[in-house]
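Student: Here is how the chains run, residue by residue.
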Amino acid sequence: MLETKTLKEVLDLLESGEITLAEVHKDLHTAISEKNDSLNVYLTVNNAEASPSTAALKGIPIAVKDNYCTKGIRTTASSTVLDTFIPQYDSTVIAKLKAAGGSVLGKTNLDAWAHGSSTETSQYGRTLNPRNPEHLPGGSSGGSAAAVAADMAIAALGTETAGSIRQPAAWCGIVGLKPTYGRCSRYGVVPMASSTDSPGPMTKTVEDAAILLTHIAGHDKYDGTTGDQPVPDFTKAIDKPIKGMKIGYVYHDIEGLEDGNKILAEQLKTFEKLGATVEKVDALDPHYAISVYTVVQRGEVSSNLGRFDGIRYGNDRSHFGDEAKRRIMLGTYTLSKGYADQYYNTAQKVRSLYIKDYEELFKKFDVLVSLTSPGYAKKVGATDGAAMFGELEDMLLEPSSLSGLPGINVPCYRDEETNLFLGMNIVAPMWQEEKMIQVADAFEKATPWNTWRNRK
Amino acid sequence: MSTITPQQVKHIANLANIPVTEGEVTDLADAFEETLDVVANLQSVDTSKVEPTHQVTGLENVLREDVVDEAHMFTQAEALANAKETHEGFIVVPIIIDQE
Chain A
1 MLETKTLKEV LDLLESGEIT LAEVHKDLHT AISEKNDSLN VYLTVNNAEA SPSTAALKGI
61 PIAVKDNYCT KGIRTTASST VLDTFIPQYD STVIAKLKAA GGSVLGKTNL DAWAHGSSTE
121 TSQYGRTLNP RNPEHLPGGS SGGSAAAVAA DMAIAALGTE TAGSIRQPAA WCGIVGLKPT
181 YGRCSRYGVV PMASSTDSPG PMTKTVEDAA ILLTHIAGHD KYDGTTGDQP VPDFTKAIDK
241 PIKGMKIGYV YHDIEGLEDG NKILAEQLKT FEKLGATVEK VDALDPHYAI SVYTVVQRGE
301 VSSNLGRFDG IRYGNDRSHF GDEAKRRIML GTYTLSKGYA DQYYNTAQKV RSLYIKDYEE
361 LFKKFDVLVS LTSPGYAKKV GATDGAAMFG ELEDMLLEPS SLSGLPGINV PCYRDEETNL
421 FLGMNIVAPM WQEEKMIQVA DAFEKATPWN TWRNRK
Chain B
1001 MSTITPQQVK HIANLANIPV TEGEVTDLAD AFEETLDVVA NLQSVDTSKV EPTHQVTGLE
1061 NVLREDVVDE AHMFTQAEAL ANAKETHEGF IVVPIIIDQE
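Protein chains in written order, with my numbering: chain A, 1 to 456; chain B, 1001 to 1100.
The following block holds chain A by itself, in its conformation from the complex:
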């Protein structure tokens, strides 16, 4: 039953010698073989026995989204274009994970090329939500979220461009942390929108996310967009009182979010009980961010996916699925002569307005909170014929992603009838992940919504 433990618990048990790494390996692989056929979480499982390590992560196998290049292990980005691609090198985050004593448990399903918020666009079939298999896990890191929620992994890695870590974390009732842009290297991650792509941890608890982030973050000479800011030990933000902190509550009056906001407003009282202040505050309307993100992302996709020509690796461009075709071609259109100013340049200007808006908000508040997703996990098949599905689901996350800010999802409610979760998104100023970790950890420990902390 070691697969049901948190990363911190497994580390402590290995440290004390109560368990061995071989037992962890065995329990994880048993869980995967029992559940993977029905949930379709892993595209590739690494059966190689994990080697014990004296480094911080002690050899523990971690689930990895299938858009991180992993040396010798097939990497598809859930597209048949890369059906047979075996990377000859590790992405920097995976190299750091291994250097810290972690290993690769397997490669998890995603929306093809990470284009989506459902995992339904995967060319290897959709993943189901382990909390309620009639529903979707969200995406694009839906496989990693499901692996954690189903106890088919101790912890996982995802990537986010605008919601792809936090939204599936919300839908699967787990923790998902999207770091500051440039905190974790993009080198060796199949690119989507290079100006916002951010690797990050997806875990059972906030503390586990802090542990993993500490090991995968840092400047990388192979990614010129990583920052050289020092990487703190993020676990120092755990168990830190939040008394006196100022929390701004944004997107509290958006039309259509009344039900979710009613629940969130009730949950925010926890912060007041812990001595923080919560104040409703108006932020720039996130509806514009849908447009900014759509234009910026499609543009960057059309350029980034130009490299997939089936010559040095992979299959040719006829293998792209419908969603990738739509995005590549729309980006080609909006960047083409005569349209670039109307679309791309205007979008990048509105992006500046969001950055300015956050600058003002953070003069007054330590962190900002909102719903993560407009509602609970949608039903299987919900993306059929909905060209803008992901963008609408990720509306509340797009402003912070476009601004490069860090954010974390923590479960903030569970519906008893459906066993589905609502998530709270906590956003902090750039390079200040500690603040949101501190607030998220305090909330997690003061409320009953974390499945692993409050096991019966």
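In short, the hints are calculated from the structure, not lab data. A quick note: this is a predicted structure, and the numbers were derived from the prediction, not measured. Warning: the hint list may mix true and false statements.
What the hints assert, rightly or not - Pair by pair, the computed Cβ-Cβ distance ranges are: (1) A:Asp384 x B:Lys1010: 24 to 34 Å; (2) B:Glu1022 x A:Glu23: 50 to 60 Å; (3) B:Asp1030 x A:Ala265: 37 to 47 Å; (4) A:Thr54 x B:Ser1002: 53 to 63 Å.
Beta carbons are placed, not taken as given, at the ideal position from N, Cα and C, and that holds for glycine.
Starting from the known structure of chain A, fit chain B onto it as the hints suggest.
Tutor: Below, chain B alone, put in the same frame as chain A:
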């Protein structure tokens, strides 16, 4: 309402080197129109006094020394490992020069 013609879709498909069927052209035109209608609200924002943001953390002109990084080199076998077609240690590429 944005209007995208089948000819425009075919032109874009050609620019993006994406093979599309006649049936896909219609679906793509519809999807483009739906998306362009959503993003039309950008035009209603006053951006006259703002500069565009291309890099959010403020980095500029990140350079490195132009030196060989041996830890970071493929062997010939590694470089060829994923190529569909190789010939005597080279990757075979399609002919793109007009032969007539």
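Student: So, for every hint listed, does it hold in this structure?
Tutor: How the hints compare with the structure:
no., hint, verdict
1, A:Asp384 x B:Lys1010: 24 to 34 Å, "holds (25 Å)"
2, B:Glu1022 x A:Glu23: 50 to 60 Å, "holds (58 Å)"
3, B:Asp1030 x A:Ala265: 37 to 47 Å, "holds (39 Å)"
4, A:Thr54 x B:Ser1002: 53 to 63 Å, "holds (60 Å)"
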